[in-house]
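Q: Here's the letter readout for the chains.
Protein chains: 4
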Amino acid sequence: MSNIFGKIFRITTWGESHGKAIGVVIDGCPVGLKLSESDIQHELDRRRPGQSKITTARQEQDRAEILSGVFQGMTLGTPISILIKNQDARLQDYEKLKDVYRPGHADYTWEAKYGIRDWRGGGRASGRETVGRVAGGAVARKILSQVGVEIVGYVKQIGIVKCQMSKSKCQINSKIQMSNFREQIDKSIVRCPDASVSEQMIKLIEKVRREGDSVGGVIEIIAIGVPVGLGEPVFDKLSADLAKGLMSIPGVKGVEIGSGFECCEMRGSEHNDKFKVPASSAGRRPSKFKVITETNNAGGILGGISNGMPIVARIAVKPTSSIVKEQGTVDKNGRSVKIKIIGRHDPCLCPRVVPVAEAMMALVLADYYLISRMYK
Amino acid sequence: MSNIFGKIFRITTWGESHGKAIGVVIDGCPVGLKLSESDIQHELDRRRPGQSKITTARQEQDRAEILSGVFQGMTLGTPISILIKNQDARLQDYEKLKDVYRPGHADYTWEAKYGIRDWRGGGRASGRETVGRVAGGAVARKILSQVGVEIVGYVKQIGIVKCQMSKSKCQINSKIQMSNFREQIDKSIVRCPDASVSEQMIKLIEKVRREGDSVGGVIEIIAIGVPVGLGEPVFDKLSADLAKGLMSIPGVKGVEIGSGFECCEMRGSEHNDKFKVPASSAGRRPSKFKVITETNNAGGILGGISNGMPIVARIAVKPTSSIVKEQGTVDKNGRSVKIKIIGRHDPCLCPRVVPVAEAMMALVLADYYLISRMYK
Amino acid sequence: MSNIFGKIFRITTWGESHGKAIGVVIDGCPVGLKLSESDIQHELDRRRPGQSKITTARQEQDRAEILSGVFQGMTLGTPISILIKNQDARLQDYEKLKDVYRPGHADYTWEAKYGIRDWRGGGRASGRETVGRVAGGAVARKILSQVGVEIVGYVKQIGIVKCQMSKSKCQINSKIQMSNFREQIDKSIVRCPDASVSEQMIKLIEKVRREGDSVGGVIEIIAIGVPVGLGEPVFDKLSADLAKGLMSIPGVKGVEIGSGFECCEMRGSEHNDKFKVPASSAGRRPSKFKVITETNNAGGILGGISNGMPIVARIAVKPTSSIVKEQGTVDKNGRSVKIKIIGRHDPCLCPRVVPVAEAMMALVLADYYLISRMYK
Amino acid sequence: MSNIFGKIFRITTWGESHGKAIGVVIDGCPVGLKLSESDIQHELDRRRPGQSKITTARQEQDRAEILSGVFQGMTLGTPISILIKNQDARLQDYEKLKDVYRPGHADYTWEAKYGIRDWRGGGRASGRETVGRVAGGAVARKILSQVGVEIVGYVKQIGIVKCQMSKSKCQINSKIQMSNFREQIDKSIVRCPDASVSEQMIKLIEKVRREGDSVGGVIEIIAIGVPVGLGEPVFDKLSADLAKGLMSIPGVKGVEIGSGFECCEMRGSEHNDKFKVPASSAGRRPSKFKVITETNNAGGILGGISNGMPIVARIAVKPTSSIVKEQGTVDKNGRSVKIKIIGRHDPCLCPRVVPVAEAMMALVLADYYLISRMYK
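Protein chains in written order, with my numbering: chain A, 91 to 466; chain B, 91 to 466; chain C, 91 to 466; chain D, 91 to 466.
So that you can see chain A by itself, here it is in the shape it has in the complex (with noise of 0.2 Å):
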């Protein structure tokens, strides 16, 4: 099993869902770079549960501690250990089920696999492990930070509800943009910039839940400030990590970057992005002037290396698997048996999907980031 993700910039997550303490170690970072407690802890509370009435009632704090690699509030280059305590762990959720495959999980797989599981919440197969992530990708944000990156999410679609933003929104590549983007995504709960659709993407998840259902969902993830030149063609390009991070998360089940699966209506020469050189460096000697491009249907990544547009990807989201309506399935002993998971489960996943997807891109950046730096 892996718990590794990076090149140079590696994370090694660690924690049950319902064991003593979850975690993370950093290795790889650079050194000398501001790093403090609070850092992580902006980034944990965006995911943490029980943040408003459409997300699970478990409370957890997750109170991020740091317990190496940083000296005087300084990175110090060497590993950093962050670990989080496990608080509010109800096992009697679980525990009538623990000798049944729950449909849409990973008991049955877990357990042809290894032949024993940790069936308190699902153990390492939880969302729960993304807290590790979510803590990791924090300290990618400190270092794409200072190379003027950022990393935005929301929630595009739930259900048939549709944020209409149009592709031009790709269109985002200013910080001032950015940041009144990201303002109006932190007023909806559901993390969806369009305050009406926000209005109606809840009505919807309200009303599942209340049927005991379960609905899935669409995010956009965006990074702006990315130097040209992320990214290693052939196998490590920047799009093939990006979707290896972003399916990687749990109930993910489609991954696109720029124009996605949209590209196959397309034609060549509609698809094709015109490179031009903006007003403000044109008659610069060569090597010193700016690309860009008219439209980003590349998502700003051409032959896997970023080309200085925004980065832009999607993903889908399934419903989540664990629901109150009644369920056929089979135990471990091969009986029928119908089940209704009742326990605190999000309707929806996608409103806490979004740190852990912006997180995912963070890492990969950070890594490629690094990387790249050899190449000076």
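Just so you know, the hints here were simulated from the structure itself, not pulled from any lab data. Since we're looking at a predicted model, the values are computed, not measured. Don't take each hint at face value.
Identical copies go unnamed one by one, so any copy, or any two together, can satisfy a pair.
[As the list claims (entries may be wrong)] Straight line, CA to CA, 27 Å or less: simulated DSS-like cross-link-like pairs of lysine-lysine:
| hint | residue 1 | residue 2 |
| --- | --- | --- |
| 1 | K97 | K232 |
| 2 | K422 | K366 |
| 3 | K252 | K143 |
| 4 | K124 | K175 |
| 5 | K175 | K110 |
| 6 | K366 | K428 |
| 7 | K378 | K124 |
| 8 | K110 | K277 |
| 9 | K110 | K378 |
| 10 | K143 | K422 |
| 11 | K265 | K366 |
| 12 | K293 | K175 |
| 13 | K277 | K232 |
| 14 | K297 | K380 |
| 15 | K378 | K188 |
| 16 | K186 | K293 |
| 17 | K366 | K186 |
| 18 | K415 | K188 |
| 19 | K428 | K415 |
| 20 | K364 | K97 |
| 21 | K364 | K428 |
Following the hints, position chains B, C and D against chain A.
A: Frame of chain A; chains B, C and D shown alone:
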């Protein structure tokens, strides 16, 4: 730059589009596998240019030569080095474009990252790089076929022409069905199993070519006979590495597993695949019975681990970037220029990407199959 | 900076000498291994400071706490996070030396490389970093003990005092011999199995300490019961990874396998270990008989692969760099200074390096044992 | 089996001793390095068989052909594939021994591990495998030479004949001294810089060969001009990776850095290398002055990081395992047999291991040099 793919079963590919040769070194192949050059050749022939009227006219025989790792017809467990010489390289097509950044291509990002690049046919950024992947994939398929895994890919959509194969087609889960399915696909030069849709696709491609343009599409790849238990939880999910492998193919903008982006509009009660024990193995002792699912929205993967159902993935392939139609762009001196890319290009990449996508799936599955043997 | 060791069974260690805590995360441990905190504690106790009159007086209880990866007394296959809090940190010993480059230490190279460093007790460059290795090694030993592998290390030489254990002692290849041998070692605070030599070594160490100086030595580590077939030819030879693991221990200046540097003065006819089939298995069918060697100059490894004979390695450990005797050096401003390093230091590192060296051998063997299962 | 070496600058070697060809793929080479086949050839010529009366008579021209990664005389940053065809393979020498386990060779362990093996000249277990290392090392040397790093190796001891080069010889730290030193070494067919010792060594080797026997020796490898700061603390110490790289060379039984095993008999006050600021840079502002050490017991590495002094390593090379003298062993059916290994073998491996050891040091240094650029 990383030209190595895989963890245990690792391929290193090398070679520029218009260099002397192109090839792959396969490290980590098990001992005692029967392997001959014709095994490799069979797959290369499915990928090679000049196969039909709708592909590029470049003529490459793509003869595979095995230089090491095989002794008396059997693999030794040592690295298998496979060499393919380049033959039909027309430099004149490229020389005139060597100072221009072709839209949709990696010319600009490559030059910005590395300073210099091989402008002959895109050098290493060319789709020709996938020859090594297909050769490596052929060996991966041999390993998988020993345990009953078979992989097939087909073109599901070109432009707006869709193959209305119901999703239940992911129900291809016996070898007989697979064999029939493959036969239908092989009859079509566009690699679509539905004869009438295939006809329309070919017409569309020919029309687009006449217009000096190109068109995108969707490919679906299915693996049957996959043992339960491949893939690792957390970061190295089977789905995550498939996403990376597939997204690393030139031109791919999106990857879906199972329900993919359709999951967004589904309810949990609908998306959860119900487990059941098939009649054939009912009543057996625990751990001796088989578990299947009634539907396959999971695409054969739960919690990152294969569940024994067919693995189903889809990729979005962008329209070919090289088009005859006039396009505006800039050159390396920052001047606006108009270009027409005259050369030998596929008007639609899909038919030739099919064997490449199959190869990437085979590489990922073979790797995780070998890793899974450690748990036995 | 890389704080990850291993390929399949990987440890990530973290923690500064005088930070809040120190620890290790173990990734890739098989499922279903019985594991408790006392298994870890037993090894940490053998390494911890303040054990005897010849070691440092720093008092650390080094209590191991397992935070994840173990459920109901068994490993889950998920990462095992082990935490050890630091307690007895005397900063005043270090503050006055924080601007000085102590000879033999990493102060200068660390500062030249990273710009800043944790000067409290050497930070991460301290021998205290090996706590995580020993904790990880304790888990590796549990895995190995299930297949009958046992590892023992002892001090073979301190200064010019040598333990005249004939090389035939590498003939310790039964569990009974091993157990007796270990008992003799454990009786000696200097970890030398020969009681009278042990006596002399202790006298030498005490003499050196009185002189405000330190002394080096040689440690031999032996593993018995190692299955045939561990290690990979070419770069990942068992001997090569043992060399890396052992050389990475702070203070080690040389590594030998089997005959080591003595091989230089030998003839091939003398060095080649003659194969034979022991009487006990003679006459069995091919592949059912056992093959041993009469001598063990190979140290249990041929062509990088274990041959079933005891694995024998030796390391040279330099004299402790921290000495009370006055030394000349420079400070970070380039000024010549005289220093006396007053603090709590081992006058000879060897006795406490023994469990660390055993841990490194255990880590390498467990890793290759797990890898070897893929070939079954 | 792993045939990949390195982290960022990675080589994959392939090929059996008596297969069609042997080669290497170099991944991670920087862009814009001048490279031609003659750069590679120069190093291969130093390693190739048949150079002198004291080496094997096998005739291999070892012509290097660069197949990719170089365009217009410059590296592209893409993989460099280098091919060397095998020519003079005498299978009859090996066929009669194919069922016998030759003492000191990997026949038995390889067969026990893999079940089958290429018995033609040892297949991949042959020293011929090092051709790829030397070709890869030649490229590493080009990278290093750009920053002023030079590497030289020589034979320090054969049997009991020692080159009484005082350890202070590790004081070779100017390019002029290095150049003179190399000239002396190159004059000697045994690669020993002391002409009279060289004479004795050659006599010893000839005597041993007449007796149908073989002899071991010691090689020292020195790198000058190494920047301060290469290597990572903890596991990936520069010393640790040098130990791995050097120990992975066929026939090596021991590795020393700096003082090596002599450190055991030294006191701390004697072993600690005193830092000083050379007169030439005294009085400069902090971080602008140079720091050197008066002695070099550290071998240029402190805490795993290069300190700017010459890197000094030594390896023990065992006597060639293939000898004409009759030896007893067993065959694959477990029967005792007597064998005489008639063929073309080096009576002493040392002279031809020198360029291989230099190549391994170059590979490790180039890798860490590239990694170090990330910290700039």
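Q: Confirm or reject each hint.
A: Hint by hint, here is what the structure shows:
1. In this assembly of identical chains, the alpha carbons of K97 and K232 lie at most 27 Å apart whether taken from the same copy (18 Å) or from different copies (26 Å).
2. Only between protomers do K422 and K366 lie at most 27 Å apart by alpha-carbon distance; the minimum there is 11 Å, versus 61 Å within a single protomer.
3. In this assembly of identical chains, K252 and K143 lie within 27 Å of each other by CA distance solely inside one copy; the values are 21 Å within and 42 Å between copies.
4. Proximity of K124 to K175 under the C-alpha cut-off of 27 Å is found in both arrangements, the shortest distances being 24 Å within a copy and 24 Å between copies.
5. In the homo-oligomer, the alpha carbons of K175 and K110 lie at most 27 Å apart both inside one protomer (6 Å) and across protomers (16 Å), since each shortest distance falls under that limit.
6. Taking the shortest Cα distances, K366 and K428 sit within 27 Å of each other only across copies (12 Å), while inside one copy they are farther apart (61 Å).
7. Taking CA atoms no more than 27 Å apart as the test, K378 paired with K124 passes between copies only; the shortest distance there is 25 Å, against 32 Å inside one copy.
8. In this assembly of identical chains, K110 and K277 lie within 27 Å of each other by CA distance neither inside one copy nor across copies; the values are 34 Å within and 38 Å between.
9. Taking CA atoms no more than 27 Å apart as the test, K110 paired with K378 passes in neither setting, with 54 Å inside one copy and 34 Å between copies.
10. Proximity of K143 to K422 under the C-alpha cut-off of 27 Å is found in neither arrangement, the shortest distances being 35 Å within a copy and 55 Å between copies.
11. Taking CA atoms no more than 27 Å apart as the test, K265 paired with K366 passes inside one copy only; the shortest distance there is 21 Å, against 50 Å between copies.
12. Taking the closest pair of Cα atoms, K293 and K175 never come within 27 Å of each other, the shortest separation being 34 Å inside a single copy and 49 Å across copies.
13. Taking the closest pair of Cα atoms, K277 and K232 come within 27 Å of each other only inside a single copy of the chain (23 Å); across copies the shortest separation is 53 Å, beyond that limit.
14. Taking the shortest Cα distances, K297 and K380 never come within 27 Å of each other, neither inside one copy (50 Å) nor across copies (37 Å).
15. Within a single copy, K378 and K188 get their C-alpha atoms only as close as 63 Å, which misses the 27 Å cut-off; across copies the closest is 19 Å, which meets it.
16. Within a single copy, K186 and K293 get their C-alpha atoms no closer than 32 Å, and across copies no closer than 59 Å, so neither meets the 27 Å cut-off.
17. Taking the shortest alpha-carbon separations for K366 and K186, only the inter-copy value of 20 Å comes in at or below 27 Å, while the best intra-copy value is 63 Å.
18. Taking identical chains as interchangeable, the C-alpha atoms of K415 and K188 lie at most 27 Å apart only when both belong to the same chain, with a minimum of 18 Å there against 62 Å between chains.
19. Taking CA atoms no more than 27 Å apart as the test, K428 paired with K415 passes inside one copy only; the shortest distance there is 10 Å, against 61 Å between copies.
20. Proximity of K364 to K97 under the C-alpha cut-off of 27 Å is found in neither arrangement, the shortest distances being 33 Å within a copy and 37 Å between copies.
21. Only between protomers do K364 and K428 lie at most 27 Å apart by alpha-carbon distance; the minimum there is 11 Å, versus 57 Å within a single protomer.
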